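Enquirer: Sequence order for the protein chains is A and B.
Sequential numbering from 1 applies to the first sequence in this note's numbering.
Sequential numbering from 1001 applies to the second sequence in this note's numbering.
Take these hints with a grain of salt, some might be off.
Below are the SDA-like pairs computed for lysine to any residue, each with C-alpha atoms no more than 20 Å apart in a straight line [as the list claims (entries may be wrong)]:
#, chain 1, residue 1, chain 2, residue 2
1, A, 3, B, 1057
2, A, 196, B, 1213
3, A, 169, A, 46
4, B, 1436, B, 1416
5, A, 196, A, 165
6, A, 3, B, 1054
7, A, 3, B, 1051
Just so you have them, the derived chain B footprint on chain A, three or more residues with Cβ under 8 Å [what the hints assert, rightly or not]:
#, region
8, 8–18
9, 132–140
10, 160–169
Keep in mind that the hints were calculated from the coordinates and are not lab data.
Predicted model, so just to flag it, every value in this text is computed and none were measured.
Every residue, glycine too, gets a C-beta built ideally from N, C-alpha and C.
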Amino acid sequence: MLKQLRPAIVSLVVLTILTGLAYPLLVTGISQVLFNYQANGSIIRDAQGNALGSELIGQQFDAPQYLWGRLSATGPLPYTAFNGETLTGSSGSNLGPLNPALEEAVQGRIDALREADPANTLPIPVDLVTASGSGLDPHVSPAAAEYQVTRIAEARDISADQVRQVIAKYTEGRTLGLFGEPRVNVLRVNLELDGKIS
Amino acid sequence: MNVWSYAQYALFLAIVIALVWPAGAYLARVFAAERTLLDPLLRPIERLIYRAAGVDAREEMSWQQYAVSFVLFSAGGTLLLYALLRLQPGLHPADPAFAPVPLAPDLAMNTAISFATTTTWQAYGGETTMSYWSQMVGLAAQNFLAGAAGLAVGMAFIRGLARQVSGTVGNFWVDLTRATLWVLLPIALIGALVLVWQGVPANFSPYQPVALLQPLQNAEGQAVTQQIIPQGPVAALELIKNLGTNGGGFFNVNAAHPYENPTPLTNLIELLAIVVLPAGLTATFGRMVGNQRHGWLLLAVMVTLFVAGLAICDWAEQAGNPRVAALGVDILPGGHSGGNMEGKETRFGIGGSVLAAITTSNGATGSYNSMHASYTPIGGAVALVNMLLGELVFGGLGTGIYSIILVALIGLFIGGLMVGRTPEYLGKQITVPEIKLVALATTIAPLTVLLLSALAIATPWGRGALYDPQVAYTSIFNPGPHGFTEVFYAYASAFANNGQNFASLGANNPFYNITLALAMMVGRFGLAIPALALAGLFAQQRRKPASIGALPLDTPLFALLTLGTILLVSALNYIPMLALGPLIEHLLMVGVAN
Chain A
1 MLKQLRPAIV SLVVLTILTG LAYPLLVTGI SQVLFNYQAN GSIIRDAQGN
51 ALGSELIGQQ FDAPQYLWGR LSATGPLPYT AFNGETLTGS SGSNLGPLNP
101 ALEEAVQGRI DALREADPAN TLPIPVDLVT ASGSGLDPHV SPAAAEYQVT
151 RIAEARDISA DQVRQVIAKY TEGRTLGLFG EPRVNVLRVN LELDGKIS
Chain B
1001 MNVWSYAQYA LFLAIVIALV WPAGAYLARV FAAERTLLDP LLRPIERLIY
1051 RAAGVDAREE MSWQQYAVSF VLFSAGGTLL LYALLRLQPG LHPADPAFAP
1101 VPLAPDLAMN TAISFATTTT WQAYGGETTM SYWSQMVGLA AQNFLAGAAG
1151 LAVGMAFIRG LARQVSGTVG NFWVDLTRAT LWVLLPIALI GALVLVWQGV
1201 PANFSPYQPV ALLQPLQNAE GQAVTQQIIP QGPVAALELI KNLGTNGGGF
1251 FNVNAAHPYE NPTPLTNLIE LLAIVVLPAG LTATFGRMVG NQRHGWLLLA
1301 VMVTLFVAGL AICDWAEQAG NPRVAALGVD ILPGGHSGGN MEGKETRFGI
1351 GGSVLAAITT SNGATGSYNS MHASYTPIGG AVALVNMLLG ELVFGGLGTG
1401 IYSIILVALI GLFIGGLMVG RTPEYLGKQI TVPEIKLVAL ATTIAPLTVL
1451 LLSALAIATP WGRGALYDPQ VAYTSIFNPG PHGFTEVFYA YASAFANNGQ
1501 NFASLGANNP FYNITLALAM MVGRFGLAIP ALALAGLFAQ QRRKPASIGA
1551 LPLDTPLFAL LTLGTILLVS ALNYIPMLAL GPLIEHLLMV GVAN
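Looking at chain A on its own, in the form it has when it is part of the complex (with noise of 0.2 Å):
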């Protein structure tokens, strides 16, 4: 047992090296040169290099003019307390189907999606007024995306085909044409819709 004493603890601590230090950075170090602008987390930003928001990372609608995405106004707000008192991280509701608070918070979206658009009685997509899993989920799907486009337009005075082409802009199919799911960057949308990108 003492003659593998030395062994374990070398190794331990070279292969720590290697695997913990050299390889992260490495890592970090080639995708710094190669790929800067996903390395640096995809943050959007307009001509004046002023930070807009992430194109991975959802913000939070709930004014009748923008895209709304998966963040609804019941549930919490990842990343907007984030300071060294009130920590929030990522995080899904996590609760199960039976759940009565789940109905309950699936029933507070559609209110807030009735109430923002009385004259659209077309069933709501499921992705729309569940939780994602990360709290964070930048898209929502074309259908969901499809039923805001005339709240959207009244509310912006413009036509819905103008509403349409920008969410058409922003939308992705599947990768490959099999993989994943076609889905619409919410924020992209929003950004355009205001004017600030293009």
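Here the structure of chain A is known, so what remains is to put chain B in place on it, guided by the hints.
Expert: Positioned in the frame of chain A, the structure of chain B alone reads:
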């Protein structure tokens, strides 16, 4: 049923099966120290490590020496990680938005054991707890080293069956070093760069504040105008956590986080990283024991169980939650993925989420990309059953192969008794000492999982404030049978060294930190040491030509016998628990019971 989901499942499995042979052959070459393309670069580093560590690469170990080395190395890793987590504030190099504090002793202990056993159960949220330094030197390094140690034990087990009249099973330090240098590091490096290209961050910047496009009000009515987005060397952890079948994420929500898993392509790559090496080990095994067909049959058993899990989970999740549908919500696919989207990300939909649930629960890897606590009762039960089967469908890196063979040996033993012959496996007789070890490894799982679950359910410490307002913390979050499943799921996951959870369980308190750490240790060493002992016994035996009446190992009959044994053993052990949790909940959900 959604054809897009099934197309993804089929292509995923096709890629895995296509990679089994090349991956298996490469592993066989690496651990036989045969020549590979990477030798010119890695041989000098390897020699340097051996010289510093005082290792003679030609010296072979008995199974006892091998087991002692494995345990010593794991203990060292645990202590080092514990120290790093306790000393955290003095060590972090960057300036994140929050000030990391030392982890509480019970949390640091739980986390250290968790990562050193490849469980990577996380009772903490990464971005609010860990400094960049802890994520790298502490967690990323253990992801490599614990994974490599598991692979080493798997190789020693295979050698035990491949050798005859031999007192040794290999050299742990050599296997560990070669697993790290030749297998994990090169694949992780290339994979990590592909992930960054797709959007996974790799930086040491402080957390990034951005102004919200639409300012909001929080629950207290105060204005919220900005969002603070955590950064960090995410890519360095992201691929190896899957490749080493560990699964502990950089962020709280693991692979559901858009920074950990930004696109369907990263989802595919991360899931392949979990499965390809453990699947390849079936080919390594077949090649080394000289019965390639037998290796393929083991793979066939794995794929059968994998597909069955996919089909059931997909059906349950795509059917969705009738209570949500009753509110007037559209849960049929068409312009959106439909189904049960609570806790799932839009970019993965039902297909990409279910594929990840089945892959991670079978692959001893906790890196789920959707919240299993919000799955339908049957959907969540599939992931639970996969862990209870014993992580033998692909399973953990190196550990999956001995897990499935241990169960196959029970099948052969029972089969042998039925026809009245001494059972044998690959020309080795399964006599009393061997079957004792197999029996030990088989009973230790239900003993640990069931006893600890019972303890948690039966005591106020485990139930928490839901039942007992006097207790300061809430552990069980969801009411009804779901809360029961939360607890059972946690111990099943810890013992399986998986690490995924129903995240609704409030597990960061001394009771869960201590009992779960115990389950992790028993699950790791309680299987690895009997497996090594078995390898030692088999290595000593001379290989006899197959006797008449011995069950042929390269026919579908063997595959069926193994499949039946796997299902029988776990069914006998766990059906009452499954009935109390997911089954009742399902009946309640569809309205059969009230």
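Enquirer: If you check each hint against the structure, which ones fail?
Expert: 10
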